[in-house]
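Engineer: Sequence:
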Amino acid sequence: MIASDRELHERPNGVWSLRMAELNKRLFFNAYVSRIDEVAHKRAIMEAESFLARNADTPKEGESKLLIAWKKNPPSTKKEWQRWIAIHQQHLFLSDDLRGGFLRSFPALKKSEQKADIELTRLFYEALRQFSF
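With the first letter of the sequence shown counted as 1, position 34 gets the number 34 in the numbering used here; the numbers rise by one all the way through.
Just so you know, the hints here were simulated from the structure itself, not pulled from any lab data.
Hints may be right or wrong, so weigh each one.
[To be verified] Dumping the calculated DSBU-like pairs for lysine-lysine here, alpha-carbon to alpha-carbon at most 35 Å:
1) Lys-115 with Lys-65
2) Lys-79 with Lys-115
3) Lys-60 with Lys-79
4) Lys-79 with Lys-110
5) Lys-110 with Lys-60
6) Lys-65 with Lys-25
7) Lys-79 with Lys-42
8) Lys-42 with Lys-71
9) Lys-65 with Lys-110
10) Lys-60 with Lys-25
11) Lys-111 with Lys-65
12) Lys-71 with Lys-115
13) Lys-78 with Lys-42
Quick caveat: nothing in here was measured; it's all calculated off a predicted structure.
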């Protein structure tokens, strides 16, 4: 066994593999963002619209991390919109009651962050209807 192989296996708690997993996620997300096009734009509008129609009477919660980020710097360029649409599309991997809405954080690791953010979805939908690719 080579010395570098031993170092790799002797690292505590799999630090190397966790860092590589984070790097792979970041690379995949960046590649995915660059593929967002007009079709994804239209689908995001339809999904957000149906989500808002289903959840019109749901009470609002406090401001989420994503909502604060949106209010601080709303997307204006195509690249920024592609990133927000990609974040919005995480709902495709969730249950039907969350389909079409934003979660309270990205990535939503804690259980408290895995709830729908209706206010952010509403702001996203209204702004996205105004934007064209």
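Engineer: Run every hint past the structure and note whether it holds.
Structural biologist: Now for the hints, and whether the structure bears them out:
1. Lys-115 with Lys-65: 12 Å, holds
2. Lys-79 with Lys-115: 26 Å, holds
3. Lys-60 with Lys-79: Distance of about 29 Å is within 35 Å: holds.
4. Lys-79 with Lys-110: 28 Å, holds
5. Lys-110 with Lys-60: 19 Å, holds
6. Lys-65 with Lys-25: 20 Å, holds
7. Lys-79 with Lys-42: 16 Å, holds
8. Lys-42 with Lys-71: Answer holds: Lys-42 to Lys-71 is near 23 Å, not above 35 Å.
9. Lys-65 with Lys-110: With Cα atoms ~12 Å apart, Lys-65 and Lys-110 stay inside 35 Å; holds.
10. Lys-60 with Lys-25: 31 Å, holds
11. Lys-111 with Lys-65: Cα-Cα ~14 Å, so holds.
12. Lys-71 with Lys-115: Measuring from Cα to Cα gives roughly 19 Å; hence the hint holds.
13. Lys-78 with Lys-42: Judged against 35 Å, a Cα distance of about 14 Å means the pair holds.
The structure agrees with every numbered hint stated previously.
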